[in-house]
Amino acid sequence: MPELPEVETVKNEIMPHLLGKKITRMEALWAKTLCPPETEFNKLVSGLQVTGLSRRGKYIIISLSGGLFISVHLKMSGGLTAVKAETEQFPRFTRAVFHLENGEQVYFTDIRKFGRINLLTSLDTILEKLGPEPLEGDFTPEVLGKRLSGRKGPIKAVLLDQKVLAGVGNMYADEALFKACLNPLRPADSLSKAEVTKLHLAIQSVLHKAIQNKGASVSTYHRPDGSKGGAQLEFNVAHRRGEVCPECGAPINRQLIRQRACYYCPHCQS
DNA sequence: CCCGGAACCTGAAGGC
DNA sequence: TGCCTTCAGGTTCCGG
Numbered sequence: 038m039p040e041l042p043e044v045e046t047v048k049n050e051i052m053p054h055l056l057g058k059k060i061t062r063m064e065a066l067w068a069k070t071l072c073p074p075e076t077e078f079n080k081l082v083s084g085l086q087v088t089g090l091s092r093r094g095k096y097i098i099i100s101l102s103g104g105l106f107i108s109v110h111l112k113m114s115g116g117l118t119a120v121k122a123e124t125e126q127f128p129r130f131t132r133a134v135f136h137l138e139n140g141e142q143v144y145f146t147d148i149r150k151f152g153r154i155n156l157l158t159s160l161d162t163i164l165e166k167l168g169p170e171p172l173e174g175d176f177t178p179e180v181l182g183k184r185l186s187g188r189k190g191p192i193k194a195v196l197l198d199q200k201v202l203a204g205v206g207n208m209y210a211d212e213a214l215f216k217a218c219l220n221p222l223r224p225a226d227s228l229s230k231a232e233v234t235k236l237h238l239a240i241q242s243v244l245h246k247a248i249q250n251k252g253a254s255v256s257t258y259h260r261p262d263g264s265k266g267g268a269q270l271e272f273n274v275a276h277r278r279g280e281v282c283p284e285c286g287a288p289i290n291r292q293l294i295r296q297r298a299c300y301y302c303p304h305c306q307s
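Just remember that my numbering sits 37 ahead of the position in the first sequence, which is counted from 1.
Be careful, since some hints might not be right.
[Unchecked claim] As a list, the in silico BS3-like pairs of lysine-lysine whose alpha-carbon atoms are at most 25 Å apart: (1) Lys166 with Lys48; (2) Lys80 with Lys150; (3) Lys112 with Lys69.
Don't read these hints as lab results, they were simulated from the structure. Every value quoted in this text rests on a predicted model; they were computed, and no experiment measured them.
With the sequences and hints as input, model every part of the structure.
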């Protein structure tokens, strides 16, 4: 599932196919994917040039000439695929198409239709619901400590709150808590200073390593060239139902926390 | 602020 | 083989 490392990888690898190109037309094959709807979207973007690509949390931000932005959220099963030249048949599950100059295209595919491509005049609506970027220099252990203070819910659930920290999802929250040897049910504000520091380091190292491995291909995630990421091969607990802890050999627990599957080692994370 | 639950969707996997 | 149920989990919204 796309979390920060997967979104970062998609952004980086789709960049050469979009940067500097003119958008001739946006096409919606599943109407709800585009907001505003296709006709209105096209009135505003056709002929504009892509001037930049960036990522904030799990959003890909496409900057356009004229001061407009397109945000892409992959949600559960979305992906972008680069295509050199126009083809007559779209791949299965294509929900939207970026038509570019010279007949090039970028497909937005999404089995479950949760993903969204929004046209924005300002990034405020996105930025105001996101906490700090975990890999930026200003994300320090002190900042993490402040974000967790006063939060009495389980640390696992609090880490998934995008307003606390942007970009961490279910898989990497499980991996970071394992690396920091923290029980996912611990109240977020009960962590000692040393534990917060350990968690801060664990979050950064888990995300860095996953980006190096081009994301985790569990279920439907794929890179823009169609290949898979390798980060799932290094998971210690996430999605490892019925397996044992690589550190101590204890069976990995799967427990619902706030309706979300949580994988952890009951021995190492006691 | 905290929490639970539903909604949005489809395909894979497991049970019978 | 085939029907039915469950599971997957990012985000928003609604109600208590």
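Hints, one by one, checked against the model:
{"no.": "1", "hint": "Lys166 with Lys48", "result": "20 Å, holds"}
{"no.": "2", "hint": "Lys80 with Lys150", "result": "24 Å, holds"}
{"no.": "3", "hint": "Lys112 with Lys69", "result": "14 Å, holds"}
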